[in-house]
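Undergrad: Protein sequence lines, in the order shown, are assigned to chains A and B.
Take the first sequence: its position 176, counted from the start at 1, is 175 in numbering that gives the first Met the number 0, and no numbers get skipped.
Take the second sequence: its position 168, counted from the start at 1, is 167 in numbering that gives the first Met the number 0, and no numbers get skipped.
These are calculated hints, taken from the structure and not from any lab test.
Glycine is no exception: its CB is placed at the ideal position from the N, C-alpha and C atoms.
Check the hints yourself; a few may be wrong.
[Unchecked claim] Just so you have them, the derived chain A footprint on chain B, three or more residues with Cβ under 8 Å:
{"no.": "1", "segment": "193–203"}
{"no.": "2", "segment": "255–267"}
[What the hints assert, rightly or not] Lysine-lysine pairs mimicking BS3-like chemistry, simulated, CA-CA at most 27 Å apart:
{"no.": "3", "chain 1": "B", "residue 1": "Lys177", "chain 2": "A", "residue 2": "Lys160"}
{"no.": "4", "chain 1": "A", "residue 1": "Lys82", "chain 2": "A", "residue 2": "Lys113"}
{"no.": "5", "chain 1": "A", "residue 1": "Lys113", "chain 2": "B", "residue 2": "Lys177"}
{"no.": "6", "chain 1": "A", "residue 1": "Lys82", "chain 2": "A", "residue 2": "Lys94"}
{"no.": "7", "chain 1": "A", "residue 1": "Lys82", "chain 2": "A", "residue 2": "Lys160"}
{"no.": "8", "chain 1": "B", "residue 1": "Lys165", "chain 2": "B", "residue 2": "Lys177"}
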Amino acid sequence: MSIRISVAICALLLGLPCAPALADDAALRTALEAARRDFEARGPAGLDRLDLDAVQTVCNRWANNPPSELQSLLQAEQLAAVKYPEGGNYLGDWKKGEALAQSGRGLTWSDGAKVATGGNCYNCHELASTELAYGTLGPSLARYGQRRGRSPDLLRYTWAKIYNAKASSLCSNMPRFGHSGALGEAQIRHIMAYLFDPQSPVNR
Amino acid sequence: MKPSSRKTGRRAQKLLRAGAAVAAALAVAGAGAGQPTAAETQAEIERYRAMLAEDNPAELYAARGEELWNTPRGPKQAALAGCDLGLGPGVVAGAYAQTPRWFADAGRVMDIEARLAWCMETLQGFSAADIAARPFGSEDHKSDMEALVAYVVTASRGYPIAPSQKLPQERAAYALGKSLFALRAGPYDFSCQTCHSQDGKRIRLQELPNLTRREDVRRAYTGWPAYRVSQGEFRTMQWRINDCFRQQRFPQPKYLSETVNALITYLAVEATGATYNGPAMKR
């Protein structure tokens with residue numbers, strides 16, 4: 000979605016004062032023009048990665064703090080596009096989930112097309128108490144299932160969070176792993192098991 | 000060879016052996032189920048530093064860079080003595096600390112690396128394509144540019160970071176860098192800010208400077224360019240920005256492009272006034 004369209008959404012649908020941010024639009028446009036000129040496709044990283052979708056456009060334009068009406072509108076759109084697993088079968092194999100949580104590989108220009116994309120979980124979150132090399136950009140998920148239980152609502156909420164974090168927090172730092180196609184349904188099921196299975200080191 | 004270079008040469012074997020040992024230790028520790036703990040990693044680096052006393056392998060790159068600077072090279076068989084890094088032809092001391100800046104002869108804002116490339120093109124007759132072909136070296140393929148940068152930045156140790164913002168083109172480069180820093184895109188919706196806009200955060204065990212805070216920018220910027228122990232190579236700011244974009248899952252920024260120079264300008268201006276203390280030794 001172009002910046003002009005996002006401004007039109009803001010102006011027409013929501014009647015918000017959009018004029019004061021026009022200078023930001025110019026700066027953003029200049030940055031995008033420079034990026035499109037100065038980046039080149041390499042390996043799996045094509046120039047289409049600079050085509051912004053509605054969420055990126057709006058978060059960029061409002062410095063990650065868009066008007067609440069716009070947030071609600073776009074979050075609802077993102078949530079509506081979440082695909083839940085067949086037959087409500089949320090939980091896979093926690094051991095495979097652990098391998099995915101550990102792996103930060105995939106989607107960079109230096110990764111071959113055959114490199115399996117990891118879940119990147121430990122880059123930003125604390126999970127199993129035995130793994131000390133965890134990042135802190137995201138909240139701690141230690142004892143996730145043990146603390147929260149595994150009610151149907153919680154399973155559904157957690158699935159949606161991994162599938163598309165922007166469905167509940169529009170400009171969240173967390174990638175949209177399912178929405179972007181980085182992780183498939185089977186992989187998300189394994190990561191879910193890593194979070195919820197009582198045998199998983201996350202809960203022991 | 001000057002006496003100082005000979006002394007540096009003797010240290011070379013010792014330094015590189017020690018560096019390889021630490022890189023191997025880190026790799027082994029990282030290959031197990033768990034990564035090394037922060038304390039283990041830090042201890043390993045401290046051990047390395049102690050082993051080297053005040054020596055930093057960046058010195059070896061700087062010594063090679065000095066030789067490259069003084070040696071007639073390229074199709075025109077010219078040395079870089081006539082290269083104007085901003086303080087006049089051949090003046091190296093303190094020049095890096097005043098970049099990026101506008102260079103009227105080139106008609107663009109350049110960081111130190113873009114300026115060196117300009118001199119290699121105009122004075123020595125190298126082609127831009129040759130210079131951009133392999134800017135980031137490896138063990139098998141040492142980069143002349145990395146060595147030249149090591150030499151030039153080392154000659155700015157102790158100088159205050161002072162990139163010019165007098166001209167509108169220089170201010171435009173800063174503004175562009177600031178906008179690019181916040182630009183979210185790609186499959187993971189990452190921008191530079193995703194990792195570098197909060198205090199005290201880390202990825203795995205790697206601490207992340209908050210580059211929206213001057214104090215952190217100053218600390219980070221005055222240590223770069225740097226010798227990277229885990230890679231066993233000296234790395235420049237062009238490499239630093241390039242590798243951040245790789246991890247952001249962006250396409251690759253062209254070497255010496257306006258985008259990369261603008262981001263370096265943004266960081267340099269934010270670091271203004273801090274004393275250049277690099278090149279540092281980084282994990």
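Undergrad: The structure should be examined with respect to each hint, and the outcome stated for every one.
TA: Checked hints:
With a cut-off of 8 Å between beta carbons, the segment 193–203 of chain B has 8 residues touching chain A; three or more are needed, and the interface restraint holds. Here's how the segment 255–267 of chain B fares: 5 of its residues keep a CB closer than 8 Å to some CB of chain A, so the rule of at least three is met and the hint holds. For the hint pairing B/Lys177 with A/Lys160, the CA-to-CA distance comes to about 30 Å; that exceeds 27 Å, so the pair is violated. Only pairs whose Cα atoms come within 27 Å are accepted, and A/Lys82 paired with A/Lys113 is accepted, the gap being roughly 25 Å.
Using a Cα cut-off of 27 Å, the hinted pair A/Lys113 and B/Lys177 is violated, with the two alpha carbons roughly 35 Å apart. Our distance criterion of 27 Å between C-alpha atoms is met by A/Lys82 and A/Lys94, whose separation comes to about 23 Å. A distance of roughly 12 Å separates the Cα atoms of A/Lys82 and A/Lys160; the hinted pair therefore holds under the 27 Å criterion. For the hint linking B/Lys165 to B/Lys177, the alpha-carbon distance of about 17 Å falls within 27 Å, and the restraint holds.
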